[in-house]
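Enquirer: These are the residues of each chain, in order.
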Amino acid sequence: MERPILEVKHFHAWFGDHEVVKDVNLTLYRNKVIAVMGPSGCGKTTFLRCINRMHELTPGARTEGEILLEGENIYEMSPIVLRLRVGMVFQRPNPFPHLTIYENVLAGYLLNNIPLSRTEKDAIVEDSLRKAALWNEVKDNLKKKGNFLSGGQQQRLCIARAIAMKPDILLLDEPTSALDPISTAGIEELTQELKKNYTLILVTHNMQQAARVSDETAFFYMGELVEFAPTRQIFTAPRDQRTQNYITGRFS
Amino acid sequence: MLVHSFKHIRHRQIRSTLIRVVIVCFTLLTLLPLLYILAYIIRRGIGAINWSFFVELPKPVGERGGGIANALTGSVLIVALATLMAVPVGLSSALYLSEHSRGKLAGFIRLCIEVLTGIPSIVVGIVAYYWLVRPMNSFSAFSGSVALAIMMLPIMIRSAEETLKRFPVHLREASLALGVPYYKTILKVLLPCSLSGVLSGIMLSIARVIGETAPLLFTAFGNPYLSFNIFHPMHSLPLLIYNYAISPYDSWHQLAWGAAWVLLMWILLLNVLTRIMIRKWSVRY
Amino acid sequence: MTALEHALKELKDDVILMWIMVEAQLQAAHKAMLEYDQHLAREVMQKEKRINAYELKIDEQCEDILARYQPVAVDLRFLLAVLKINANLERTADIADGIARYVIDAPEGFDHDLLQSTHLLDMYTEGMTMLSDTRIAFEREDTALARSIFQRDEIIDTYNLQALDIVTEHLQQGSAHIRQELLVLSIIRKLERVGDQAKNLAEEIIFYVEAKVLKHHSRKEL
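Protein chains in written order, with the numbering used here: chain U, 1 to 252; chain F, 1 to 285; chain G, 1 to 222.
Hints may be right or wrong, so weigh each one.
Heads up, simulated DSSO-like pairs for lysine-lysine below, C-alpha to C-alpha not over 27 Å straight-line [said to hold, decoys possible]:
hint, chain 1, residue 1, chain 2, residue 2
1, F, K184, U, K143
2, U, K121, F, K184
3, F, K7, U, K139
4, U, K139, F, K188
5, U, K131, U, K32
6, U, K196, U, K166
7, F, K184, U, K166
8, U, K166, F, K280
9, F, K184, U, K145
10, U, K166, U, K131
11, G, K9, G, K57
12, G, K84, G, K49
13, U, K121, U, K143
14, F, K188, F, K59
15, F, K280, U, K145
16, U, K143, F, K188
17, F, K165, U, K121
None of these hints come from the bench; they were simulated from the model.
Please build the complete structure, drawing on both the sequences and the hints.
Expert: This is the structure in structure tokens:
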């Protein structure tokens, strides 16, 4: 049995006194797309942000329990190191406006003063942009700033920026919510390519998206992980009545 | 019914046009004094402008000619020093305030800044006098700079804080998610993106203080000779204008007008530069 | 009720309506056979058109719901089951139509003793009951009732096997109504298929309610 890439054991998260994530237990394996879905306020985004320890940046945030990245407890490693191994793409495309496209892809290295030779930089930029399906569209404009790119292209630039760091896991927080349907379809297709090299955890409030792109789906409700199973099973024969109610739209 | 509504609409249209005319008139009214002052200074001052005006020292009474070299260099030095002092303090405060917009300390700092804005310039001068001139036993450009720096702070901090606050959370998160530590995020992402706003805040505060006379009266005090020693008294343009304008000598009046012209051009230049900078360097989120 | 729930309810009502129509067809064919009522038999053949129209309607409704709502889980299984149930019901109606045709083609009425001895009447009654029971199981989502169908189908299968022997015996004993004996055998074959259809219907009901696939599995896995 291969070793899991992420293990979550009895994990809780609070904002002040309010418990938003309750006793989550989860094991994830490599090279899969795992969707995390649930109604608004169910704790899915908070949970995602705990995996790269962004949750604790909010004042009053607190966690309990273990999250192991390839066997290592993420709370025993430096958050900086963790975030180099666990990348994140956000809901709103957020390339750095003061950097060129080239610099944006390398932002993780440049801002951290990680030295790279010119050839290494060029290689990383081309490789990441190719993997993000953006290379052909921008290869002649690498020295320009990214503000002429469309929303979908900007999001792919952010994906390139994240995968340039060669992370183990890529977290995606509703990456297509702010995009039009065609860009959304492009990103969804991209996830299938990306999973060959990375493990993706994707939070979405769009059930059909979860059904389309993921191999396994986790359903969160009111802070609890209600059900975690292969996507096919969740959408044809879910075990929990709450899951069924959610996906059939019996409640919002 | 239809006939009624047409009349009603016409009344509203007339009223709308009337109010628009009133607004435009009042605006012109505010512009008028400004334009008049500008025109007057330019007209009176331009006559004094020539090369020797800029490089010569003022001549004793009776002699024709002379220049404002000492006052000009003095103003430049005092303001430059004031900026050097004010920027680190101002920027750090602005950063602190933008990062901790809630909290008791932040609220207290804001209160102090607002009070500072309202303090009369002469009071600032007196304070600098007691702080620095007395203990140092001499008037100095340094104490003048301190006084000016105190006056620059509120404008700079307000403007910088506003710019820094507008920095979107999602860009900050993007940087943090890449493993960039907090202080590096500030230095390498927040500040560069906010550069134009911060710089324009600095320029505006400079423009505000270069014409201040009262704080320099008992700090820099004035110097008839050209001096680069900041711990000795130093002359400045506003001081020169003040002294020469109330003197009975025509030649000195002429110099004062010229100096006023120079000041005006300097302020205009700063404002124009600020606008260009904002347009060229501002980063759209 | 959401739009989807509303559409599903309408669909279910339509399916039940078709089910009742098919039951009525079987009953009418039964009566026509017993009473040699060729007029009634012709009515059965007429009504067959209505049933075909209903089959198309239900198929279309399913297609519509799938396209518009992309249902999942129990709703999806319900639609897939309805598509199959629809086809099964139509085939059952065909059987009733077939029996009615035999009645029309028969030159004389069927001998009741023959019908009795071959257990044709027993099969017919059981078949009709199985059909209406599956309908009730569908309406109430009663999988226990659905499961009871399997055993009863085995009874019909047994009758079917026995029928061949009985008819052969009759013919060897020199029965005069050879044609009738053969017709009876044909009708029995058709009734065996009614049993099969009812079994399929039961399997579909269990699939959609419990997400258990019982096709091609042995009875032991029930």
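Enquirer: A separate judgement is required for each hint: does it hold in the structure or not?
Expert: Hint by hint, here is what the structure shows:
Taking the CA atoms of K184 of chain F and K143 of chain U, the gap is about 23 Å. The hint holds against a cut of 27 Å. For the proposed pair K121 of chain U and K184 of chain F, the alpha carbon gap of about 21 Å is at most 27 Å, so the pair holds. Pair hint K7 of chain F plus K139 of chain U does not hold up; C-alpha atoms about 64 Å apart against a cutoff of 27 Å. Straight-line distance between C-alpha atoms of K139 of chain U and K188 of chain F comes to about 25 Å, which keeps the hinted pair within the 27 Å bound.
Pair hint K131 of chain U plus K32 of chain U holds up; C-alpha atoms about 16 Å apart against a cutoff of 27 Å. Annotation: proposed proximity of K196 of chain U to K166 of chain U holds, straight-line Cα distance about 13 Å (limit 27 Å). At most 27 Å may separate the alpha-carbon atoms for a hinted pair to count; K184 of chain F and K166 of chain U meet this at roughly 21 Å. Between K166 of chain U and K280 of chain F the alpha-carbon distance is near 35 Å, which puts this suggested pair outside the 27 Å criterion.
Simply put, K184 of chain F and K145 of chain U have alpha-carbon atoms about 21 Å apart, close enough for the 27 Å limit, and the pair holds. With a CA separation close to 11 Å, the supplied pair K166 of chain U and K131 of chain U stays within the 27 Å bound. The hinted pair formed by K9 of chain G and K57 of chain G meets the criterion: a straight-line CA distance of about 15 Å does not exceed 27 Å. Of the pairs offered as hints, the one joining K84 of chain G and K49 of chain G holds, with about 19 Å between alpha carbons and a cut-off of 27 Å not exceeded.
Annotation: proposed proximity of K121 of chain U to K143 of chain U holds, straight-line Cα distance about 13 Å (limit 27 Å). Proposed proximity of K188 of chain F and K59 of chain F is contradicted: the alpha carbons are some 52 Å apart, above 27 Å. As the CA atoms of K280 of chain F and K145 of chain U are separated by approximately 14 Å, the hinted pair is consistent with the 27 Å bound. A threshold of 27 Å between alpha carbons decides the hint, and for K143 of chain U with K188 of chain F the separation of about 19 Å falls inside it, so the pair holds.
At most 27 Å may separate the alpha-carbon atoms for a hinted pair to count; K165 of chain F and K121 of chain U exceed this at roughly 33 Å.
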